[in-house]
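Two chains, two separate frames, one set of hints: put the complex together.
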Amino acid sequence: MLSAEAIKKIEYELTKYPPEKRQAAVMSALRIVQMERGWLSQESISEVAEYLGIPEIAAMEVATFYNMYDLEPVGKYKLTVCTNISCMLRGSDEIVSHLQDKLGIGFNEITPDGKFCLKEGECMGCCGGAPLLHVNNTDMREFMTPEKVDELLKELK
Amino acid sequence: MAAKATKPVMTDLKGQTLVTLRTLKEKNPAALSTYQSLGGYEQLKRIITEKVKATEIINQVKVSGLRGRGGAGFPTGLKWSFMPRYFDGTKYLVCNTDEGEPGTFKDRDIIRYNPHQLIEGMAIAAYTLGARVGYNYIHGEIWQDYQTFEAALAEAREAGFIGENLFGTGFSFDLYAVHGYGAYICGEETALIESIEGNKGQPRFKPPFPASYGVFGKPTNVNNTESYTSIPWILQHGGQAFADLGVPNSGGSKIFSVSGHVEKPGNYEIKMGTPFADLLAMAGGVWKGRKLKAVIPGGPSTAVLPADKIMSATMDYDGLSKAGSSLGAGSMIVMDDTTCMVKALKRLSYFFYEESCGQCTPCREGTGWVYRVIKRIVDGQGRMEDLDLLTDVCNNISGRTICALGDAAATPVLSFIKHFRPEFEYYIQHGKSMIDGK
Numbered sequence: 001m002l003s004a005e006a007i008k009k010i011e012y013e014l015t016k017y018p019p020e021k022r023q024a025a026v027m028s029a030l031r032i033v034q035m036e037r038g039w040l041s042q043e044s045i046s047e048v049a050e051y052l053g054i055p056e057i058a059a060m061e062v063a064t065f066y067n068m069y070d071l072e073p074v075g076k077y078k079l080t081v082c083t084n085i086s087c088m089l090r091g092s093d094e095i096v097s098h099l100q101d102k103l104g105i106g107f108n109e110i111t112p113d114g115k116f117c118l119k120e121g122e123c124m125g126c127c128g129g130a131p132l133l134h135v136n137n138t139d140m141r142e143f144m145t146p147e148k149v150d151e152l153l154k155e156l157k
Numbered sequence: 158m159a160a161k162a163t164k165p166v167m168t169d170l171k172g173q174t175l176v177t178l179r180t181l182k183e184k185n186p187a188a189l190s191t192y193q194s195l196g197g198y199e200q201l202k203r204i205i206t207e208k209v210k211a212t213e214i215i216n217q218v219k220v221s222g223l224r225g226r227g228g229a230g231f232p233t234g235l236k237w238s239f240m241p242r243y244f245d246g247t248k249y250l251v252c253n254t255d256e257g258e259p260g261t262f263k264d265r266d267i268i269r270y271n272p273h274q275l276i277e278g279m280a281i282a283a284y285t286l287g288a289r290v291g292y293n294y295i296h297g298e299i300w301q302d303y304q305t306f307e308a309a310l311a312e313a314r315e316a317g318f319i320g321e322n323l324f325g326t327g328f329s330f331d332l333y334a335v336h337g338y339g340a341y342i343c344g345e346e347t348a349l350i351e352s353i354e355g356n357k358g359q360p361r362f363k364p365p366f367p368a369s370y371g372v373f374g375k376p377t378n379v380n381n382t383e384s385y386t387s388i389p390w391i392l393q394h395g396g397q398a399f400a401d402l403g404v405p406n407s408g409g410s411k412i413f414s415v416s417g418h419v420e421k422p423g424n425y426e427i428k429m430g431t432p433f434a435d436l437l438a439m440a441g442g443v444w445k446g447r448k449l450k451a452v453i454p455g456g457p458s459t460a461v462l463p464a465d466k467i468m469s470a471t472m473d474y475d476g477l478s479k480a481g482s483s484l485g486a487g488s489m490i491v492m493d494d495t496t497c498m499v500k501a502l503k504r505l506s507y508f509f510y511e512e513s514c515g516q517c518t519p520c521r522e523g524t525g526w527v528y529r530v531i532k533r534i535v536d537g538q539g540r541m542e543d544l545d546l547l548t549d550v551c552n553n554i555s556g557r558t559i560c561a562l563g564d565a566a567a568t569p570v571l572s573f574i575k576h577f578r579p580e581f582e583y584y585i586q587h588g589k590s591m592i593d594g595k
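So the protein lines, in turn, are chains S and C.
Taking our numbering, the leading residue of the first sequence gets 1, the next gets one more, and so forth.
Taking our numbering, the leading residue of the second sequence gets 158, the next gets one more, and so forth.
FYI, nobody ran anything at the bench for these hints, they're computed from the structure.
Accuracy of the hints is not assured; some may be wrong.
What the hints assert, rightly or not - Partial pick of chain C residues on the chain S-facing surface, computed with a CB cut under 10 Å:
1. T168
2. W300
3. G355
4. G358
5. W444
6. I453
7. V491
8. M492
The C-beta atom is built at its ideal place from N, Cα and C for all residues, glycine as well.
Just chain C, same shape as in the assembly (with noise of 0.2 Å):
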């Protein structure tokens, strides 16, 4: 069965500097045909048969300055120095392709796209950290990608890429996609694995870390789909050369995730310290020649920026965090002028409600808290005191909870509120919009 032949939907692809979508160049990119054109699984039947060893491509991944491309940006050959080297039964990987925070796309487009690339990257990984068995956990709704990437699997297993004795060394993996089905939460490491072990998706109490207690309880190295992908393009040009993609701190290129008011909505894979306004040109611009009002630069779980922070940023880990905001999934939120904060953030606080696990009380009833007032004010009925209201609630949300869902649901309120007061003041004196009247 070979994957099937998607027609990408593409960004232009001049000025990106393509890493882990460099299959977007050629004509049918997801087949492994394509994949290995361009030098794809030499990597792994190299480190395999050379039997190369895993403190040297830890160093590789640790030179290459990669961090997790998920959102939490923790160095990837850090990370996979935590796995234990010697465990007696199968140790197991993940990769998380559950993306549901709103804005981010990124990991789709290389399922679809480029799925060997990250099914190398996986089974170097195994390789490196002796994993046996791997999951690729998928977002629910985007089912024909799963399907895609079901039949990237059956490919490579037919070409002796994953399974039993890989290259007749006696090293096996077996690597299987998961199909997650419609919880946010599931982006979370341990609700992934409590997930994929047939459970609802409630988060688990670190520590322990998946490292030593993942997937059926055995250690286990969870990575973001574009931060496995990269790993066969770093071997083959080695880290240094990965390292100097970027920016110091920020190694490599990224995708950016472009949503919202721009001409050219889509994927943008870049080179880290690109300054955020060459991407917006590159997307085209604010559409309808209106004017640039905010963006959220990584998906709503990171703060908001007016237009004169983020017009100059660069897009890396210390230039968002300069700015006041962090590089989370590289999701990009683009909005105009003629955006009411208000509703957009009703809108916004109505999904971390809607998607609390309800495990942890601060978290299950702050959102919903939040989520009333907000709606309140929209409705025509905010009081005065209803900010410092919503900044309360929302400071007994962050730091109390297992996991990060209850500071993601309070970041995009205390960072709306503080760059766009007189937006909310306005609305509840008025009891309607200041932007659209309404």
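Next comes chain S alone, as it looks inside the complex (with noise of 0.2 Å):
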């Protein structure tokens, strides 16, 4: 069942659109729901659908299509990387061997304790501070370094 705090959430998303365009928030909606519960079960992805009265397969559809829903569990901390040109540019292949190192997992897999997962990421729009590490789809850090990414994971416990 979808909290007091996510609905709360959902209805100030709904009050950008008229009122019979109900699926036209399902994009927050599941962002909202994914950010509460870190992923997005298939079950969540229901619960959305059926909260804003839409099929469950055009729920399915966003939830797919867009690359920051995660449908598979992702620890407590996920670790994206943006290794396009900018980033590449600059040294994201060596934060990303970095990380690897320090976390021992490739990309798509988590710590065994369940604290980090490491992805790759596509461009994130913020090329002038690269290369870019995304916290959880939210805390974008800028100008990383291997002596940074060694402060960020004691940073976050």
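Shown next, in the form of structure tokens:
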């Protein structure tokens, strides 16, 4: 069941659209539920669809199309490293290999303690701060270096 | 709720001509009070309370020479004149802040450092075009900046600059922020509209264009963030003053996002027509004292230019077109002489393969073929005929898809091979890079 807090946030999103266009809020509703639960299970997606009164497949289509939705568990901290051209030119490969060494995992894997998951990202639109590392889809870290990766890993309890 | 005071991560403002980022000189750039101290929202108030005619406003925008800052460069004033004047129902206004083209990060700085000028620009556009509701669609990854913009909207609403019955004139305009969630294709205006409606971001076939069939099937005007943000300045100083900042056919100043191998990456808002050499110097030059090899001037969907061609180019629509590329969104990706062009192209082709929405066969299948062929070259399995094969596949994607992503995917491949063919041939013959030996 959607939490009262999630419903409150979804209701706010619904105010942005005409009352009969409830599907328009599906992207934010899925994001709100994902932020609360860490990832989107099939059950979470159905709950969102049911709340908005839209077919489940409509919510599924959105959840599977946009790449920031996580349809599998991602651990406590999802670390997404951009490896696109501007980040690549400024050493994203080094950030990736440093993270892989430190955490002992590859892309799309979770550390055994369930704390970290590593993802490869596409352009995040902050290329002036390359190389970039994004934490849990919300926290943009810029000008990353192996040293700053170490600090970050310590900071994320 | 006040907009969060974000300490600007700024480039040196010396030599810049700040129009859309003009609050950057101030202490708390995103705040409403800061923007108002620079004359913010006065143009909106003037045109609404004095009931300035829409045709007069559109004329100023036409005189300004402002062209769409999202990449296509279509004249903004002309686009505005496509919106139907009379329509029985809600017309919509959409702002495209969905920057996902690699190397593009200018609109992010507008929404986090000067959100109110964008809001005023959109409100002026709404008045001019008779739009009742607006959406600013913001790139998924910049969550903190999305929140800054939401806070600015709340501030503007409270101050009576958006919402019901503005300045007691009966004119109403509601503006909302919409958050994307990771799809490059949503930078395409009809995919963006689909996404606002809560669908997969797959582009629509045009025509009909958004001006007749946009958000929820209603007439909709879509512009880039930087375009809307230029509007208050244009009305304050006059269209001619804006045009005079630039060069013929490229009015105004423009933000250039400089990334890659420079000492000081970041956004530089400079006059159109500025020589590239000056921009490179402002960005501290090529890093580590190395030599310039190539620049992608407008994001990867524009053709790469070797050093000699870009060094003699000017930063405007005609200047870059003469040099053999285009201005795009002004996203300059700088590469030094240690860059392996084959590996760089492999990464770019993976991007287009990953981001193809899958709707049109030439793009869905073609981007995959292109990536796999370049990958096999990088893996040491390339064949000499692969270069012709790549050209052939790209020519069969270009112009054969609903949206421009197909063309965008083909452009880097064709231009990289055209300008750096010996590097590709060496890689195929030796199974390793001519540049890094690996």
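Here's how the hints hold up against the structure:
A distance limit of 10 Å between C-beta atoms decides the matter here; for C/T168 the minimum to chain S is near 8 Å, and the interface restraint holds. Of the supplied interface hints, the one on C/W300 holds, with its beta-carbon coming within about 4 Å of a beta-carbon of chain S, less than 10 Å. Interface restraint check for C/G355: the shortest CB-CB distance to chain S comes to about 4 Å, inside 10 Å, so the restraint holds. Given the 10 Å rule on beta carbons, the hint for C/G358 holds: about 7 Å separates it from the nearest Cβ of chain S.
For the restraint placing C/W444 at the interface with chain S, the shortest Cβ-Cβ distance is roughly 9 Å, inside the 10 Å limit, so the hint holds. The closest approach between the C-beta of C/I453 and any C-beta of chain S is roughly 8 Å, which is under the 10 Å cut-off, so the hint is satisfied. For C/V491, the interface hint holds, the least distance from its beta-carbon to any beta-carbon of chain S being 8 Å, beneath 10 Å. For C/M492, the interface hint holds, since its Cβ comes within 10 Å of a Cβ in chain S; the closest pair sits about 6 Å apart.
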